[in-house]
Amino acid sequence: MSKRDYYEVLGIARGADEAEVKKAYRRLAMKYHPDRNPDDKSAEVRFKECKEAYEILCDPQKRAAYDQFGHSGVEGAGAGAGGFYGGGAAGFADIFGDVFGDIFGGGGGRRQQVYRGADVRISIDLSLEEAVHGIEKRIRVPTLAACDICHGSGARAGSNPIICPTCAGHGQVRMQQGFFSIQQTCPNCRGSGRMIAHPCPECRGEGRVRTSKTLSVTIPAGVDEGDQIRVAGQGDAGESGGQPGDLYVQVRLKPHALFHREQDNLYCKVPVSFATVVLGGEIEVPTLDGPTTLKIPAETPTEKTFSLRGKGVKNVRNGHVGDLFCKIMVETPVNLTRAQREMLTSFEESLRDGGERHHPEQRSWIDKLRGFFESRA
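The sequence shown runs contiguously to residue 394 in my numbering.
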């Protein structure tokens with residue numbers, strides 16, 4: 018079976034320089050590596066094909082022979098065989114180890130590892146009014162801060178961190194496993210490349226201490242239960258000079274004496290006297306902006322709901338303003354005097370004289386009840 022053109026295998030032009038060859042190979046090797054494609058035979062074939070093409074094209078002598086004579090000019094030189102042009106497995110393993118470093122999270126170079134601080138999450142309880150109108154709140158936040166004694170270095174005053182003897186400050190160690198050379202994070206310094214020989218007594222070498230701070234947080238108008246406010250850079254301090262994390266303040270709403278909130282709308286129950294719902298009238302209802310007047314038509318049934326447009330909550334994201342829904346609840350009078358009872362009895366008797374036209378819903382319910390029992394007979 019004839020072999021594919023090595024330039025075609027790597028997807029590069031014939032005039033590609035060494036950096037382009039290496040970049041193309043690293044991308045394909047990470048894509049088709051067997052560890053990333055278990056039980057995929059086609060990926061394994063592509064991986065070996067890319068490896069062979071890379072070994073030829075990354076070597077100037079081998080590449081010149083391939084460009085002039087094709088596959089016959091480098092027969093036996095691919096796939097780490099070394100061939101009569103030299104190079105061999107050792108040189109290839111060093112190059113290929115860089116690719117493995119990318120695959121398994123490694124990476125060479127003499128650099129110190131820095132770590133971003135963790136995000137901090139706290140909850141804050143707000144009244145409905147505070148959530149609707151917005152407020153400035155002072156909150157106390159537990160956090161990890163840079164040690165004031167060692168200024169985050171973790172070393173005792175007068176001393177400095179030392180180069181890690183295991184990785185010589187690289188933060189990575191290389192393990193030779195037969196043909197392959199694999200880079201891993203140094204287990205001694207955890208990738209930082211240095212060690213604390215004399216730890217700071219305050220932070221015990223960690224560079225950070227547990228403390229708390231008081232912040233002023235702006236709560237925007239319209240926030241709802243479960244919403245989060247992000248305060249950038251106010252989380253835990255980073256390690257080894259890393260960026261701090263963020264603070265997330267989650268909103269919790271306290272129960273309200275009058276209103277129940279559902280997204281941008283408000284709901285409330287309004288007790289109304291029997292005479293008002295029968296004869297009609299005006300009642301005073303609450304809103305978050307103060308009391309307002311609601312007109313009750315005559316013969317309004319109990320639990321009738323009236324909407325007051327624009328009296329709800331302004332959405333914090335899109336600016337939409339919700340409504341206020343007032344449910345009328347007829348209040349049963351209590352502690353009646355004898356005279357009041359007699360008047361009610363007389364009134365009830367007068368309603369009976371009028372027949373069913375005074376109680377249409379009661380008449381309809383009785384008919385449904387009669388039909389229910391007759392169907393079961």
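Just so you know, the hints here were simulated from the structure itself, not pulled from any lab data. Warning: the hint list may mix true and false statements.
[Claimed, not checked] The calculated lysine-lysine pairs, modelled on DSSO-like cross-linking and capped at a C-alpha distance of 30 Å, are:
{"#": "1", "residue 1": "58", "residue 2": "40"}
{"#": "2", "residue 1": "271", "residue 2": "321"}
{"#": "3", "residue 1": "20", "residue 2": "68"}
{"#": "4", "residue 1": "328", "residue 2": "312"}
{"#": "5", "residue 1": "331", "residue 2": "344"}
{"#": "6", "residue 1": "286", "residue 2": "271"}
{"#": "7", "residue 1": "344", "residue 2": "385"}
{"#": "8", "residue 1": "58", "residue 2": "48"}
{"#": "9", "residue 1": "271", "residue 2": "385"}
{"#": "10", "residue 1": "39", "residue 2": "65"}
{"#": "11", "residue 1": "321", "residue 2": "230"}
{"#": "12", "residue 1": "40", "residue 2": "20"}
{"#": "13", "residue 1": "65", "residue 2": "40"}
{"#": "14", "residue 1": "385", "residue 2": "328"}
{"#": "15", "residue 1": "321", "residue 2": "331"}
{"#": "16", "residue 1": "344", "residue 2": "328"}
We went through each hint and held it up to the structure:
1. 58 / 40: With a Cα-Cα distance of about 24 Å, the restraint between residue 58 and residue 40 holds, given a limit of 30 Å.
2. 271 / 321: holds (27 Å)
3. 20 / 68: Between residue 20 and residue 68 the Cα gap is close to 13 Å, so the pair holds against 30 Å.
4. 328 / 312: Since the Cα atoms of residue 328 and residue 312 sit roughly 16 Å apart, the hinted pair holds (cutoff 30 Å).
5. 331 / 344: holds (21 Å)
6. 286 / 271: Satisfied, since the Cα-Cα distance of roughly 18 Å is no more than 30 Å.
7. 344 / 385: holds (27 Å)
8. 58 / 48: holds (14 Å)
9. 271 / 385: violated (44 Å)
10. 39 / 65: Cα-Cα ~15 Å, so holds.
11. 321 / 230: violated (51 Å)
12. 40 / 20: OK: residue 40 and residue 20 at ~22 Å, within 30 Å.
13. 65 / 40: At roughly 17 Å apart (the allowed maximum being 30 Å), residue 40 and residue 65 satisfy the hint.
14. 385 / 328: Between residue 385 and residue 328 the Cα gap is close to 40 Å, so the pair fails against 30 Å, i.e. violated.
15. 321 / 331: holds (25 Å)
16. 344 / 328: Cα-Cα ~15 Å, so holds.
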